[in-house]
Amino acid sequence: MRTRIKMDKSESSNIVECQKLTLVFGTHEILSNASCSIPRNSLTFLVGENGAGKTSLVRSILGLIPLTTGNIFIHSFEGRQPIMGYVPQSVEFPRQFQMTVSEYLNYSASVRKDSVESVLQKVDFPGSHMNSRITELSGGEVQKLLLAAELHRRPDILFLDEPLSNVDDSSEKHIIDVILEIKNSGVSIVIITHDWQTVSQYADHVICLNKNFLCETTESCICRNSLSKVEIRNIQKATPDPNTRHEGYCYIENV
Amino acid sequence: METFELFTLAFMQRAILGALLLSILLGLFGIFIVPRRLGFMADGISHASLLGIAFGLLIGVYPLIFAMLLAGIFGILLARVKDYGRLTQDGLVGIFLAGGMSGAIIMMSFVPGYKPELFSYLFGDILSIRWIEILGLALYSVIVLMLFQRQWRSLIITTVHSDLSHVIGLPATATRYFLFIGTSLTLIAGVKLLGIILVSALLIIPVLSANQIGHSFRSTLVFTQIIGVSASFFGIILSYIFDIPTGPSIALLLVITFSIISLTYILKKGARDS
Numbered sequence: 001m002r003t004r005i006k007m008d009k010s011e012s013s014n015i016v017e018c019q020k021l022t023l024v025f026g027t028h029e030i031l032s033n034a035s036c037s038i039p040r041n042s043l044t045f046l047v048g049e050n051g052a053g054k055t056s057l058v059r060s061i062l063g064l065i066p067l068t069t070g071n072i073f074i075h076s077f078e079g080r081q082p083i084m085g086y087v088p089q090s091v092e093f094p095r096q097f098q099m100t101v102s103e104y105l106n107y108s109a110s111v112r113k114d115s116v117e118s119v120l121q122k123v124d125f126p127g128s129h130m131n132s133r134i135t136e137l138s139g140g141e142v143q144k145l146l147l148a149a150e151l152h153r154r155p156d157i158l159f160l161d162e163p164l165s166n167v168d169d170s171s172e173k174h175i176i177d178v179i180l181e182i183k184n185s186g187v188s189i190v191i192i193t194h195d196w197q198t199v200s201q202y203a204d205h206v207i208c209l210n211k212n213f214l215c216e217t218t219e220s221c222i223c224r225n226s227l228s229k230v231e232i233r234n235i236q237k238a239t240p241d242p243n244t245r246h247e248g249y250c251y252i253e254n255v
Numbered sequence: 001m002e003t004f005e006l007f008t009l010a011f012m013q014r015a016i017l018g019a020l021l022l023s024i025l026l027g028l029f030g031i032f033i034v035p036r037r038l039g040f041m042a043d044g045i046s047h048a049s050l051l052g053i054a055f056g057l058l059i060g061v062y063p064l065i066f067a068m069l070l071a072g073i074f075g076i077l078l079a080r081v082k083d084y085g086r087l088t089q090d091g092l093v094g095i096f097l098a099g100g101m102s103g104a105i106i107m108m109s110f111v112p113g114y115k116p117e118l119f120s121y122l123f124g125d126i127l128s129i130r131w132i133e134i135l136g137l138a139l140y141s142v143i144v145l146m147l148f149q150r151q152w153r154s155l156i157i158t159t160v161h162s163d164l165s166h167v168i169g170l171p172a173t174a175t176r177y178f179l180f181i182g183t184s185l186t187l188i189a190g191v192k193l194l195g196i197i198l199v200s201a202l203l204i205i206p207v208l209s210a211n212q213i214g215h216s217f218r219s220t221l222v223f224t225q226i227i228g229v230s231a232s233f234f235g236i237i238l239s240y241i242f243d244i245p246t247g248p249s250i251a252l253l254l255v256i257t258f259s260i261i262s263l264t265y266i267l268k269k270g271a272r273d274s
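These protein sequences, in sequence, are chains A and B.
Counting in my numbering, the first sequence runs from 1 upward without gaps.
Counting in my numbering, the second sequence runs from 1 upward without gaps.
Hints are computed from structural coordinates only; laboratory data are not their basis.
Don't take each hint at face value.
With a Cα cut of at most 20 Å, we get these calculated SDA-like pairs of lysine to any residue [as the list claims (entries may be wrong)]:
{"id": "1", "chain 1": "B", "residue 1": "K269", "chain 2": "A", "residue 2": "K173"}
{"id": "2", "chain 1": "B", "residue 1": "K269", "chain 2": "A", "residue 2": "E136"}
{"id": "3", "chain 1": "A", "residue 1": "K113", "chain 2": "B", "residue 2": "S219"}
{"id": "4", "chain 1": "B", "residue 1": "K269", "chain 2": "A", "residue 2": "Q96"}
{"id": "5", "chain 1": "A", "residue 1": "K113", "chain 2": "A", "residue 2": "H152"}
{"id": "6", "chain 1": "B", "residue 1": "K268", "chain 2": "B", "residue 2": "N211"}
{"id": "7", "chain 1": "B", "residue 1": "K269", "chain 2": "A", "residue 2": "R95"}
{"id": "8", "chain 1": "B", "residue 1": "K268", "chain 2": "A", "residue 2": "E136"}
{"id": "9", "chain 1": "B", "residue 1": "K269", "chain 2": "A", "residue 2": "T135"}
{"id": "10", "chain 1": "A", "residue 1": "K183", "chain 2": "A", "residue 2": "E172"}
{"id": "11", "chain 1": "A", "residue 1": "K173", "chain 2": "A", "residue 2": "Q201"}
{"id": "12", "chain 1": "A", "residue 1": "K113", "chain 2": "B", "residue 2": "W152"}
{"id": "13", "chain 1": "A", "residue 1": "K183", "chain 2": "A", "residue 2": "E78"}
{"id": "14", "chain 1": "A", "residue 1": "K113", "chain 2": "B", "residue 2": "H215"}
{"id": "15", "chain 1": "B", "residue 1": "K268", "chain 2": "B", "residue 2": "F258"}
{"id": "16", "chain 1": "B", "residue 1": "K269", "chain 2": "A", "residue 2": "I72"}
{"id": "17", "chain 1": "B", "residue 1": "K115", "chain 2": "B", "residue 2": "L127"}
{"id": "18", "chain 1": "B", "residue 1": "K268", "chain 2": "B", "residue 2": "H215"}
{"id": "19", "chain 1": "A", "residue 1": "K113", "chain 2": "B", "residue 2": "S216"}
{"id": "20", "chain 1": "B", "residue 1": "K268", "chain 2": "A", "residue 2": "R133"}
{"id": "21", "chain 1": "A", "residue 1": "K113", "chain 2": "B", "residue 2": "L221"}
{"id": "22", "chain 1": "B", "residue 1": "K269", "chain 2": "A", "residue 2": "S132"}
{"id": "23", "chain 1": "A", "residue 1": "K20", "chain 2": "A", "residue 2": "E78"}
{"id": "24", "chain 1": "A", "residue 1": "K183", "chain 2": "A", "residue 2": "S132"}
{"id": "25", "chain 1": "B", "residue 1": "K268", "chain 2": "A", "residue 2": "S132"}
{"id": "26", "chain 1": "A", "residue 1": "K113", "chain 2": "B", "residue 2": "R218"}
{"id": "27", "chain 1": "A", "residue 1": "K122", "chain 2": "A", "residue 2": "S102"}
{"id": "28", "chain 1": "A", "residue 1": "K113", "chain 2": "B", "residue 2": "R153"}
Using the sequences provided together with the hints, build the complete structure.
See the structure below:
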């Protein structure tokens, strides 16, 4: 079967649908026959243990890595191809390339010079650093800068890979508020995270990626390569249960 | 008075014009090649292209045509390597270098007698550049500058955050091909100026120097151009005044500039830290 990403003109309730994805790097199988969907205008969390393939799945949807088999359907947004946004967990800017924060925003998101400060303010990035070199920023500042640029591009689907991992507590709440605000304005957001507390507080939809299988949640469920699309909003505890866990299972307890 | 007279000499006018065009182009390519840690590529490509020069000399046809053809092929292969994971770009450059140089030396052994032209390509001979070559270089420069203008944003984003270039739909692959092929061809165009041995100096050293004093992309770009153009201009003047080889004069000026900037940077940093 040929693998491809297809742009679909239909206005499905899901903005992205992945069907039977298999992803192999060398001899290592990252995803095996996995399927999932991302509902429109939702805050979807992509969870799973290290090495489960969360980042690879997102990068496949974005077309950054080729699939081995399977199909990804990207449905249209208001009659046009949706604009994608992506904030990776970290970016290592080349040290031999001098670029300021302000220049980065200008080239990556066409931010005008007089708007730089307000764009940075949105993600709690100190305006005094707008002329700092991007190679001198901390991990948290880089994440905020990448997020600021992506927010300014106004994507229809925004993928965030552990967006709070390097951010301090005071900025965390601020960034979550910004994410909720843009979600309420109609953007579909997918967040990769290990922070179950955040998932339980804010998730509209959870995709659990456990080993080689994708599963989504039903109420108080054990999902085995299952693809039900039940919206969940209040997960109080959600952990892989060490007693019942084995390959292909994802255990989510919904209290 | 003598110094000003040299500007009235046709061969000096050609040399200065050629050197300025080449230093501008190599500075532009260098600012995107150096952050990718591909400085070695410049040396490898120029050295490997000696095979094309040797072939041209052997059959008695303008050698830079074959060198450019070969460099273009090397550029395409280097751009493609990224698509085929296991072979690295610097590894491939090493193979080009070994193959090209060995082939060239063997080929030259078939050309009987003393080979003065070969030395002009090895060490450069900008003063012998002809108007037709300047015209060709000017046309090439216009095309390359137009391509730079088209690819500018993509070149910057693919250098700084390559994933983003794919996500926002920039032509990342076309940009990569432009960068590798353009750098390879421009290096060969610079062989007349600095020679195969030293041409990479004009690609790398202005950027490395400017990186130490530039605080933004724009200022680094401006410093790169000032350093490259000045070294080429004054290198030619000094070589005329002191009757020394032109290519090495330019390369040595670049090294001296880099050393002064580095020393100043280190002293300033030391003073600031203490």
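Hint-by-hint comparison with the structure:
1. B:K269 / A:K173: Status violated; Cα separation ~38 Å.
2. B:K269 / A:E136: holds (16 Å)
3. A:K113 / B:S219: holds (16 Å)
4. B:K269 / A:Q96: holds (18 Å)
5. A:K113 / A:H152: holds (13 Å)
6. B:K268 / B:N211: With a Cα-Cα distance of about 15 Å, the restraint between B:K268 and B:N211 holds, given a limit of 20 Å.
7. B:K269 / A:R95: holds (17 Å)
8. B:K268 / A:E136: holds (18 Å)
9. B:K269 / A:T135: Distance ~17 Å between B:K269 and A:T135 Cα, so the pair holds.
10. A:K183 / A:E172: holds (16 Å)
11. A:K173 / A:Q201: holds (12 Å)
12. A:K113 / B:W152: Answer holds: A:K113 to B:W152 is near 18 Å, not above 20 Å.
13. A:K183 / A:E78: Holds: A:K183 and A:E78 sit about 16 Å apart, inside 20 Å.
14. A:K113 / B:H215: holds (17 Å)
15. B:K268 / B:F258: holds (15 Å)
16. B:K269 / A:I72: violated (52 Å)
17. B:K115 / B:L127: Given that 20 Å is the threshold and the Cα spacing comes to 18 Å, the pair holds.
18. B:K268 / B:H215: Holds - the C-alpha atoms of B:H215 and B:K268 are around 15 Å apart, at most 20 Å.
19. A:K113 / B:S216: holds (14 Å)
20. B:K268 / A:R133: holds (18 Å)
21. A:K113 / B:L221: It holds: about 19 Å lies between the C-alpha atoms, which stays within 20 Å.
22. B:K269 / A:S132: Answer holds: B:K269 to A:S132 is near 17 Å, not above 20 Å.
23. A:K20 / A:E78: violated (27 Å)
24. A:K183 / A:S132: violated (30 Å)
25. B:K268 / A:S132: With Cα atoms ~19 Å apart, B:K268 and A:S132 stay inside 20 Å; holds.
26. A:K113 / B:R218: Distance ~14 Å between A:K113 and B:R218 Cα, so the pair holds.
27. A:K122 / A:S102: Roughly 14 Å separates the two Cα atoms, so the pair holds.
28. A:K113 / B:R153: holds (16 Å)
Checked against the numbered hints above, the structure breaks hints 1, 16, 23, 24 and satisfies the rest.
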